[in-house]
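**Student:** Those sequence lines, one after another, are chains A and B. Our numbering numbers the first residue of the first sequence as 1093 and each following residue consecutively. Our numbering numbers the first residue of the second sequence as 425 and each following residue consecutively.
Treat the hints with care, as some may be off.
[To be verified] Capping the alpha-carbon separation at 16 Å, the derived lysine to aspartate or glutamate pairs in EDC-like fashion look like this: (1) Lys1350(A) to Asp504(B); (2) Lys1350(A) to Asp527(B); (3) Lys538(B) to Glu553(B); (4) Lys535(B) to Asp504(B); (5) Lys587(B) to Asp615(B); (6) Lys587(B) to Glu456(B).
[Claimed, not checked] Chain A side only, calculated, beta carbon under 10 Å to chain B, not exhaustive: (7) Ala1340; (8) Ala1341; (9) Arg1342; (10) Ser1343; (11) Leu1344; (12) Ser1347; (13) Lys1350; (14) Gln1359; (15) Arg1362.
Derived from the structure by calculation, the hints contain no laboratory data. Positions of the beta carbon are idealized from the N, C-alpha and C atoms, including for glycine.
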Amino acid sequence: MTARVEAVRSWYRDQSTISLAAGAAGALAVATVVVGGPLLFVVNGLVPHERLLDTARGRAMTTLLGTGIVVGAAAIAVGFGTYKRMVTKAARETAISGGALGIQAVLLAALFLFFRAGEKFPLLVRQNFSFDVLGEFGREFVTGARNTVILAGGGEFFGIVLGLFLAMLILSSRAVVRAPARTYINFFRGTPLIWQLSFIFAAVVLTARLPVSVFQVGILVLGLNAGAYSAEIFRAGIQSIERGQIEAARSLGMSYLKAMRYVILPQAFRRVIPPLTNEFIILIKDTSLIFVLGLTERQRELFGIGRDAYSETFNATPYLGSVLGYLAITLPMIWVVTRLERRLQSGLTGVIGR
Amino acid sequence: MSASDGALVRLENIHKYFGDLHVLKGIDLEIERGTVLVVIGPSGSGKSTLLRTINLLEEPQEGKVIFDGRVITDIRTDLDNVRTEIGIVFQAFNLFPHKSVMDNITLALRKVLKLGEKESRERALEQLEHVGMGHKADAYPSQLSGGQQQRVAIARALAMRPKLMLFDEVTSALDPELVKEVLDAIRLLADEGMTMVVVTHEMGFAREVGSRLLFMDDGKIVEDGDPREIFAGPRDERTRSFLSHVL
Chain A
1093 MTARVEAVRS
1103 WYRDQSTISL
1113 AAGAAGALAV
1123 ATVVVGGPLL
1133 FVVNGLVPHE
1143 RLLDTARGRA
1153 MTTLLGTGIV
1163 VGAAAIAVGF
1173 GTYKRMVTKA
1183 ARETAISGGA
1193 LGIQAVLLAA
1203 LFLFFRAGEK
1213 FPLLVRQNFS
1223 FDVLGEFGRE
1233 FVTGARNTVI
1243 LAGGGEFFGI
1253 VLGLFLAMLI
1263 LSSRAVVRAP
1273 ARTYINFFRG
1283 TPLIWQLSFI
1293 FAAVVLTARL
1303 PVSVFQVGIL
1313 VLGLNAGAYS
1323 AEIFRAGIQS
1333 IERGQIEAAR
1343 SLGMSYLKAM
1353 RYVILPQAFR
1363 RVIPPLTNEF
1373 IILIKDTSLI
1383 FVLGLTERQR
1393 ELFGIGRDAY
1403 SETFNATPYL
1413 GSVLGYLAIT
1423 LPMIWVVTRL
1433 ERRLQSGLTG
1443 VIGR
Chain B
425 MSASDGALVR
435 LENIHKYFGD
445 LHVLKGIDLE
455 IERGTVLVVI
465 GPSGSGKSTL
475 LRTINLLEEP
485 QEGKVIFDGR
495 VITDIRTDLD
505 NVRTEIGIVF
515 QAFNLFPHKS
525 VMDNITLALR
535 KVLKLGEKES
545 RERALEQLEH
555 VGMGHKADAY
565 PSQLSGGQQQ
575 RVAIARALAM
585 RPKLMLFDEV
595 TSALDPELVK
605 EVLDAIRLLA
615 DEGMTMVVVT
625 HEMGFAREVG
635 SRLLFMDDGK
645 IVEDGDPREI
655 FAGPRDERTR
665 SFLSHVL
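Kindly produce the complete structure, drawing on both the sequences and the hints.
**Tutor:** Here it is in structure tokens:
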């Protein structure tokens, strides 16, 4: 904590009055627009949507945005006009930051003013920001979020197991083993998921008459699809491990499988966490495609809930609910994975490049 | 066939190609038990490939490798089993970065030799003490210097209680001041009578520790004999030229 205080102190010592002024003006301009604007909406009330419209077009908002533009412009002028004359690196960076923040404030405020003046602006607000409509579907969105998590989680689990297996096959030295895995992967990567869902649903449920639910087919197909992508991720991860690792393991008498299990895969797993997370996030969003299977009311996922609510109310605000639901799932997950990655890497620091 | 008499290693007419490159050109070699065989030669002469052929990390296209009475180039031989008896230490250490020093050593003891947890740890610790690394059992490879990593790698190989040790330019990746600690560990092993093949650029070490010396050039063994005699008076012109460049 004291180290942080000391860092702030030394930063401050290196500043000049002008760099501080530019930085402060930039920060103030952005805060006015990004914090002040939304705050004004909240203070005036979010429902009904007419109130949002009044706030957006009201005088208070005009003053707020005008202030943001004027202060932002000042920050741009001062920051970019003086940064070359700053004596220290810290002062120069503050001046440039002030200018950059000023640009953001001006652009955002101008953009809002532009949209606000539009003829169809009231329609946009009513169609997308009628929060009272959203409130009616609260419980359904919770069910939808749960189903999205089950679909994506189940699909990803199945996909990782399948992907690992496929990766082992495409890394085989035998062409006859590689060929079928390669064909599978290229097929599932090369065709649209939405087609895979409909076709496999038709094949499994309608033609083969297997006693599986639509929901289960959804998980299955998402897994089959994720497996193809994960296989490539695992292959790249395994191939990125230095040759010396498998040579050392085999020289100690380990079989190929033991070397993979105890030496190569644990290291490869750490390296594929970022691309695997990326793949999982895409899968979470791809769950929205299973609406083509025709789900029952309790099976609907986030996007399906929004879609049905839209056709019920003729108002698009429920889609905003879906989007908030997706973010509520993906953002914490990204956060957790970043932590996990940092923790797993701790034993490996300094290995690369040594 | 009795395993205890005759040479520990026998190579018969070994040919190795990397694509069009003919790296080993008909090598015949016998290594008796207790020998410290030092292999020197210019880079690209095939000395590392020769060493890696002995535990079949490089598979020769032609010829036989016989270890302790077993023809290991025969695909019916259980190669994994034979490899437990041949320790190898690499230029790049190749420790497992995700495992502690202790786990680096016990992994193969437990998973390959099927020793118990306790016995594995005892054996590992004993070997770590031997190379002066007992105090670093819980460290990770990335926390060690190059010389320390290489000594752990030596301990890892020795813990398997091999009949033969292979050293593949083990000091080439080290800072000069760290070379000695690794060479000392190998010297100690030589004094204890371990059979070893050492590919090296350390000429002083070759002369002092080796009981037999090979000079290789262009995929062939050019000179084979007592290190002191060869260093004092090389017979072949290529050996003479090489030694005059490196000494």
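**Student:** Each of the hints needs a verdict: does it hold here or not?
**Tutor:** Each hint tested on the structure:
1. Lys1350(A) to Asp504(B): Holds - the C-alpha atoms of Asp504(B) and Lys1350(A) are around 11 Å apart, at most 16 Å.
2. Lys1350(A) to Asp527(B): Within the cut-off at roughly 15 Å; holds.
3. Lys538(B) to Glu553(B): With Cα atoms ~22 Å apart, Lys538(B) and Glu553(B) exceed 16 Å; violated.
4. Lys535(B) to Asp504(B): Given that 16 Å is the threshold and the Cα spacing comes to 12 Å, the pair holds.
5. Lys587(B) to Asp615(B): 15 Å, holds
6. Lys587(B) to Glu456(B): 11 Å, holds
7. Ala1340: 4 Å, holds
8. Ala1341: 8 Å, holds
9. Arg1342: Result: holds, 7 Å to nearest chain B Cβ.
10. Ser1343: This interface hint holds because 5 Å falls under the 10 Å limit.
11. Leu1344: 4 Å, holds
12. Ser1347: 5 Å, holds
13. Lys1350: Hint holds; Lys1350(A) Cβ to chain B Cβ min 6 Å, cut 10 Å.
14. Gln1359: 5 Å, holds
15. Arg1362: At 7 Å from the nearest chain B Cβ, Arg1362(A) passes the 10 Å test, so the hint holds.
When the structure is compared with the earlier hints, a violation turns up for hint 3 alone.
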